[in-house]
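Colleague: Given next are the chains, with one letter for each unit.
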Amino acid sequence: MGSRIAQLSMSGVALLIGLLLVGQLRSQARPTEISTLSAQDLSTLIETLSDRNRELRSGLSDVQEQLREYRLAETQGQSALDVSREDLRRIAAFSGQTAVIGQGLILRVNGELDPIAVNDLLNELRNAGAEAIAVDQVRITAGSVCVLGTGTLEIDGTQIGRSFSIRAVGDPDGLLTALQRPGGIITQLKLFVNATIDASQAQSVEIPATREDLQPRVAKAVP
Amino acid sequence: MSTRDARSSPAARLLSARPRFRFAAWALSIGLALAVIGFAAATQWKGSVARQEYTSSAQQVLAAQVVGLEQEQKSLRDRLANADRQVQTFQSASAGSQTTLAQLNRDLAAARLAAGLTKVTGPGAVIEIADSKRPVPAGDNPANYIVLVDDLHDIVTALWASGAEAITINGERLVSTSSIYGVGSSILVNTAFLSPTFRIEAIGPQDLLDRFLANPAYLSARVAHRIDAFGLEFATQQSGSLTLPAFVGNTRFRWAVPEGS
Numbered sequence: 213m214g215s216r217i218a219q220l221s222m223s224g225v226a227l228l229i230g231l232l233l234v235g236q237l238r239s240q241a242r243p244t245e246i247s248t249l250s251a252q253d254l255s256t257l258i259e260t261l262s263d264r265n266r267e268l269r270s271g272l273s274d275v276q277e278q279l280r281e282y283r284l285a286e287t288q289g290q291s292a293l294d295v296s297r298e299d300l301r302r303i304a305a306f307s308g309q310t311a312v313i314g315q316g317l318i319l320r321v322n323g324e325l326d327p328i329a330v331n332d333l334l335n336e337l338r339n340a341g342a343e344a345i346a347v348d349q350v351r352i353t354a355g356s357v358c359v360l361g362t363g364t365l366e367i368d369g370t371q372i373g374r375s376f377s378i379r380a381v382g383d384p385d386g387l388l389t390a391l392q393r394p395g396g397i398i399t400q401l402k403l404f405v406n407a408t409i410d411a412s413q414a415q416s417v418e419i420p421a422t423r424e425d426l427q428p429r430v431a432k433a434v435p
Numbered sequence: 054m055s056t057r058d059a060r061s062s063p064a065a066r067l068l069s070a071r072p073r074f075r076f077a078a079w080a081l082s083i084g085l086a087l088a089v090i091g092f093a094a095a096t097q098w099k100g101s102v103a104r105q106e107y108t109s110s111a112q113q114v115l116a117a118q119v120v121g122l123e124q125e126q127k128s129l130r131d132r133l134a135n136a137d138r139q140v141q142t143f144q145s146a147s148a149g150s151q152t153t154l155a156q157l158n159r160d161l162a163a164a165r166l167a168a169g170l171t172k173v174t175g176p177g178a179v180i181e182i183a184d185s186k187r188p189v190p191a192g193d194n195p196a197n198y199i200v201l202v203d204d205l206h207d208i209v210t211a212l213w214a215s216g217a218e219a220i221t222i223n224g225e226r227l228v229s230t231s232s233i234y235g236v237g238s239s240i241l242v243n244t245a246f247l248s249p250t251f252r253i254e255a256i257g258p259q260d261l262l263d264r265f266l267a268n269p270a271y272l273s274a275r276v277a278h279r280i281d282a283f284g285l286e287f288a289t290q291q292s293g294s295l296t297l298p299a300f301v302g303n304t305r306f307r308w309a310v311p312e313g314s
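First to last, the sequence lines map onto chains A and B.
Heads up, the first sequence is in the numbering used here, so the first residue is 213 and it goes up one at a time.
Heads up, the second sequence is in the numbering used here, so the first residue is 54 and it goes up one at a time.
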């Protein structure tokens, strides 16, 4: 009995030591947690999160409006097919399967950009809220990336020359401000690449549909 | 061994030692264990206090705002996902021509799959990247030794270029509007604030991982150089079956008008 108690006691002590040591090791991991960011970084993070939350609220409001349309169609004995057809058009446009048009930004690039620079530009446009993007006539989808083909840049198998345009539909002011901010992508690229990048707002930017088949061959939907 | 010999062995002498001696040994063991516990607890407590002292009151206020915004974001994402599910329920139950409805639902399912709005499963690759554990040499930039936005961006670019069909970073599904954004040393993907270790999962061809590791888009990327130069922790694994969640976020346009609308 005494030895049983002793064994249990030692097990408990060992467990406690282990827990504390794990906690200690974890606390020495990189301080990515919020409390260690500078005040400036925290302010930027607040602004970014606020913007993202605004987008989510807007999206939620739209979905709730769509639900109201379905409920109204139901109560009025009408077919909700039209609501569904509109949803199909929207989803297809979101993925890049159909063309879109709207206000936005046009970048005219002339010079020697490498694939990394082009991909960074596309990432920055997305981050600034671009809803649809095209490089020349190539619609940028989730999987569209710029690579170095045989002697030239390529996106989705289409060659991109030394001079090309990047068009983006979105808030024209937001897009332009994001790209041209001090220390932003255009400023950085001008330091490292031999190219000119001119950005201008536009009232009507046309983004074509993708020519790629976006249906996955390997990934299967989970019911 | 004879009984007499057994009695004279060191173990036997210890076992037959006076109770006072056994008690002392026992007490010593417990005391040592408690000392270790005390040390670990004190170190952990001291560490916590030090981190709190490090931040100014302004930073604490801002940090609290960030936490509040993250909590709000979680709530919004949950509500959005729930509302989307209700829309899909309406769509599958819509009245009207059964043939038309069936075709429309098939088209909707295909559109959602293509857009990243559906949970998917399949073979693929898993890549994990974390901060370097090397000590930062004097005079060197500590930022070189942590995972940056460009690192994740380069990995994702190389995966797409290698034939990936669906990708997540720490559970965040990448879609046409997804960006990887840095604020100081922090990283946001879509709307989510992520911390290392960063786990990138990609569904694609069976040899996706081999393609990725051999792809010039990876080999010539910034991240490949930084892994070698600064010791960023990097691990890869092929997987026979991955399940990636659907994108959760805003898919409605504010500025773009789809053709045909």
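Treat the hints loosely; a few may be bogus.
Chain A residues, not near chain B, derived (Cβ > 10 Å throughout) [what the hints assert, rightly or not]:
(1) 221
(2) 349
(3) 374
Listed next, the in silico EDC-like pairs over lysine to aspartate or glutamate satisfying Cα-Cα at most 16 Å (straight line) [stated by the list, open to error]:
(4) B:127 <-> A:326
(5) B:186 <-> B:281
(6) B:172 <-> B:137
(7) A:402 <-> A:294
(8) A:402 <-> A:348
(9) B:127 <-> A:324
Bear in mind the hints are in silico, worked out from the structure with no lab data behind them.
Predicted, not measured: the structure shown is a model, and the values here were computed from it.
The C-beta atom is built at its ideal place from N, Cα and C for all residues, glycine as well.
Colleague: Taking the shortest Cβ-to-Cβ distance between residue 349 (chain A) and chain B, state whether it exceeds 10 Å.
Modeller: Given that every Cβ of chain B is farther than 10 Å from that of residue 349 (chain A), nearest at about 15 Å, it holds.
Colleague: Quick one, are residue 402 (chain A) and residue 294 (chain A) close enough, alpha carbons at most 16 Å?
Modeller: violated (49 Å)
Colleague: Does residue 221 (chain A) clear chain B by more than 10 Å, comparing its Cβ with all Cβ atoms of that chain?
Modeller: Label violated. Min Cβ-Cβ 8 Å, cutoff 10 Å.
Colleague: Does the claim that residue 374 (chain A) lies off the interface hold, with its Cβ farther than 10 Å from every Cβ of chain B?
Modeller: Non-interface label stands for residue 374 (chain A): nearest chain B Cβ at 20 Å, farther than 10 Å.
Colleague: Run the distance test for residue 186 (chain B) versus residue 281 (chain B): straight-line Cα separation, threshold 16 Å.
Modeller: holds (13 Å)
Colleague: Given the hint that residue 402 (chain A) pairs with residue 348 (chain A), does the C-alpha gap stay at or below 16 Å?
Modeller: Given pair residue 402 (chain A), residue 348 (chain A) is violated - Cα atoms ~21 Å apart, limit 16 Å.
Colleague: Holds or violated: residue 127 (chain B) with residue 324 (chain A), Cα cutoff 16 Å?
Modeller: violated (42 Å)
Colleague: Between the alpha carbons of residue 172 (chain B) and residue 137 (chain B), is the straight-line distance 16 Å or under?
Modeller: Within the cut-off at roughly 13 Å; holds.
Colleague: What's the verdict on residue 127 (chain B) and residue 326 (chain A), does the C-alpha distance respect the 16 Å limit or exceed it?
Modeller: Violated - the C-alpha atoms of residue 326 (chain A) and residue 127 (chain B) are around 38 Å apart, more than 16 Å.
Hints 1, 4, 7, 8, 9 from the earlier list are contradicted by this structure; the remaining hints agree with it.
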